[in-house]
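Undergrad: Note that the protein sequences, when read in sequence, are chains V and A.
Here this note's numbering is used: the first residue of the first sequence is 1, the next is one more, and so on.
Here this note's numbering is used: the first residue of the second sequence is 1, the next is one more, and so on.
Treat each hint with caution, since some may be false.
Residues of chain A clear of chain V, computed beta-carbon distances all greater than 12 Å [as the list claims (entries may be wrong)]: (1) Pro25; (2) Thr42; (3) Pro73; (4) Ala101; (5) Phe193; (6) Arg197; (7) Thr243.
For each label pair, taking beta carbons as the anchor points, the in silico distance ranges come out as [as the list claims (entries may be wrong)]: (8) V/Asp153 x A/Ile102: 25 to 35 Å; (9) V/Gly204 x A/Gly176: 39 to 49 Å; (10) V/Thr118 x A/Ile147: 35 to 45 Å; (11) A/Ile102 x V/Pro186: 50 to 60 Å; (12) V/Gln23 x A/Arg132: 56 to 66 Å; (13) V/Pro20 x A/Arg132: 32 to 42 Å; (14) V/Arg73 x A/Ala101: 37 to 47 Å; (15) V/Gln23 x A/Phe126: 28 to 38 Å; (16) A/Arg24 x V/Gln145: 55 to 65 Å; (17) A/Leu18 x V/Gln23: 21 to 31 Å; (18) A/Ala36 x V/Thr118: 51 to 61 Å; (19) A/Val261 x V/Pro20: 49 to 59 Å.
Going by beta-carbon spacing under 8 Å, a handful of chain A positions derived as facing chain V [stated by the list, open to error]: (20) Gly180; (21) Gln183; (22) Ala187; (23) Gly189; (24) Thr191.
Just so you know, these hints were derived from the structure itself, not from any lab.
Using N, Cα and C, we set each Cβ at its ideal position, and we do this for glycine too.
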Amino acid sequence: MNERPDAARIRFDNASVTYPGGQAGLKNVNLAIEPGEFVAVVGLSGAGKSTLVRTINGLVPISGGEITVGEHRLRGLSGKRLRALRGEVGMIFQGFNLAKRTTVLNNVLMGRLHASPTWRTLIGAWRADDVELAMQALERVEIVQKAYVSASDLSGGQQQRVAIARTLAQKPKIILADEPVASLDPPTSHVVMRDLQRINQELGITVIVNLHFLDLARRYGTRLIGLRAGEVVYDGTAADADESVFEAIYGRSLTADDVLDARPVELS
Amino acid sequence: MTTLTAGGADAGRAGSALNRRPARPRTWWKPVLVLAIVVGATAWASAAVGTDPSALWRNGHNAVNTLTQLFQPDYSFFPQTLDALGETVQMAVIGTAIGVAISLPLSFLASRATNPERISYRVVRFVMNVVRAVPDLLYASIFVTVIGTGALSGIVALVLFNLGIMVKLISEALDGIDRGGQQAALASGSTWFGANRVAVLPEISPAFLSQTIYVLELNIRASTVIGLVGAGGLGMLIDKVRTFYEYHYLALIIFEILVLVLALDLLSSYVRSKVVR
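Generate the whole structure from the sequences, applying the supplied hints.
TA: Here's what the structure looks like:
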């Protein structure tokens with residue numbers, strides 16, 4: 001996976017995003033994220049967490065500065081080259097984003113679309129290798145027994161793990177997760193976060209995850225990036241982020257609403 | 001909701017101002033206006049067309065005679081209708097199959113949710129609006145003139161008729177689907193074609209199947225009517241027996257259409273209950 005260590009380096013150079021209507025999403029962000037890091041992005045809603053994560057795969061285009069992912073420069077990237085970048089970057093969404101009326105396996109195979117020729121896609125004839133890859137991805141998130149079940153018959157936690165398997169099937173260098181546990185209950189949140197942690201540690205895939213809850217960010221992230229009004233106000237290890245750091249990010253002292261506050265379920 | 005700064009200032013001295021009950025909006029005139037327009041338009045239309053309801057009474061004795069015959073179908077005529085009956089069903093099935101198959105890719109081109117490319121979207125929408133604007137009977141008349149009388153003209157007319165309906169219904173269904181899977185596929189580097197094929201097609205397929213059966217139902221009915229202008233099937237037979245005032249035979253044909261449509265209706269509600277959950 002890491003035959004070229006630089007392949008997954010992410011650099012933000014004065015990157016800015018201005019939404020139509022003049023509202024600023026990101027202001028002059030400078031960051032360097034090394035391959036294999038587990039980065040948690042925190043901040044109030046509207047601080048630009050989602051924008052930051054979505055600029056990395058070009059879902060949100062930057063309006064100023066530059067972002068470099070591996071050898072891809074994101075400014076003005078489009079068409080085939082944008083798809084090539086996106087093939088290397090997996091994404092997990094808050095709402096799981098599965099196609100509900102098809103099987104779990106088909107959903108995971110969606111991660112292979114970027115490498116599948118059009119005629120195979122048209123008639124639904126996946127390569128045997130791709131199906132094997134999808135099955136292995138489902139095994140890694142321990143949900144392979146549901147491979148032929150309709151995605152709509154799964155619980156929220158199961159759906160999110162299928163979504164993780166879908167990004168794994170991509171063989172990505174980077175996984176982006178935009179509020180991956182915001183629609184899940186506390187014990188399930190920990191299952192999903194641990195899956196991401198395991199993928200990061202065992203496969204060396206860079207993980208960048210937006211989190212609303214500070215305790216989750218501190219527990220799973222090795223690096224923490226705090227955003228406030230589109231600007232980076234903290235960038236350091238999760239361990240060093242104390243109460244005063246969170247006050248700087250949130251502009252107020254912490255309340256019970258800012259933590260998930262649940263003991264993780266014990267898995268034998 | 002005016003400007004952000006005004007909102008912020010109001011929120012500051014909130015209290016009693018925010019808690020006051022709003023005045024009830026005055027909207028009683030809206031239904032009155034709509035009713036007045038509907039009544040006015042109807043009155044104007046009937047005056048302009050010159051409808052004379054009393055004609056219904058004056059021609060009453062003719063109607064009684066015809067109606068009596070229509071309620072006495074001549075079942076001995078049944079074997080002679082079989083060919084035309086078969087042709088009607090065949091025309092409907094072939095017309096549906098071809099029309100529906102062509103409509104699927106066109107529907108994806110005609111929805112903003114599945115086609116990001118503006119020009120092809122506009123072109124397909126425009127052409128389909130034109131296709132839909134022409135009534136099926138007019139298509140049949142045109143193709144009977146161009147191709148000649150018989151089932152082929154009927155089938156071509158039905159294909160165009162189906163295209164108009166299917167593309168309209170399916171592209172609108174596409175506009176309303178859950179686009180989560182499509183978004184995920186696009187974010188993973190897929191082309192729009194791949195995302196639509198793998199993530200959108202399964203979402204739309206129950207609606208597509210259900211509309212296909214609906215269109216088949218419409219086609220059975222339509223194929224009887226377009227036969228009247230010579231495009232094959234039961235319609236041609238209706239035209240023949242009507243010319244000779246054989247209302248007992250006509251009654252049987254109408255009865256057959258009734259049974260056919262009812263049977264298809266039962267089948268379609270059964271299949272829909274199985275596929276649409």
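Undergrad: State for each hint whether it applies.
TA: Hint check results:
no., hint, result
1, Pro25, "holds (29 Å)"
2, Thr42, "holds (45 Å)"
3, Pro73, "holds (46 Å)"
4, Ala101, "holds (14 Å)"
5, Phe193, "violated (6 Å)"
6, Arg197, "violated (5 Å)"
7, Thr243, "holds (51 Å)"
8, V/Asp153 x A/Ile102: 25 to 35 Å, "holds (34 Å)"
9, V/Gly204 x A/Gly176: 39 to 49 Å, "holds (42 Å)"
10, V/Thr118 x A/Ile147: 35 to 45 Å, "holds (36 Å)"
11, A/Ile102 x V/Pro186: 50 to 60 Å, "holds (52 Å)"
12, V/Gln23 x A/Arg132: 56 to 66 Å, "violated (41 Å)"
13, V/Pro20 x A/Arg132: 32 to 42 Å, "holds (34 Å)"
14, V/Arg73 x A/Ala101: 37 to 47 Å, "holds (44 Å)"
15, V/Gln23 x A/Phe126: 28 to 38 Å, "holds (36 Å)"
16, A/Arg24 x V/Gln145: 55 to 65 Å, "holds (58 Å)"
17, A/Leu18 x V/Gln23: 21 to 31 Å, "holds (25 Å)"
18, A/Ala36 x V/Thr118: 51 to 61 Å, "holds (57 Å)"
19, A/Val261 x V/Pro20: 49 to 59 Å, "holds (52 Å)"
20, Gly180, "holds (4 Å)"
21, Gln183, "holds (6 Å)"
22, Ala187, "holds (4 Å)"
23, Gly189, "holds (3 Å)"
24, Thr191, "holds (7 Å)"
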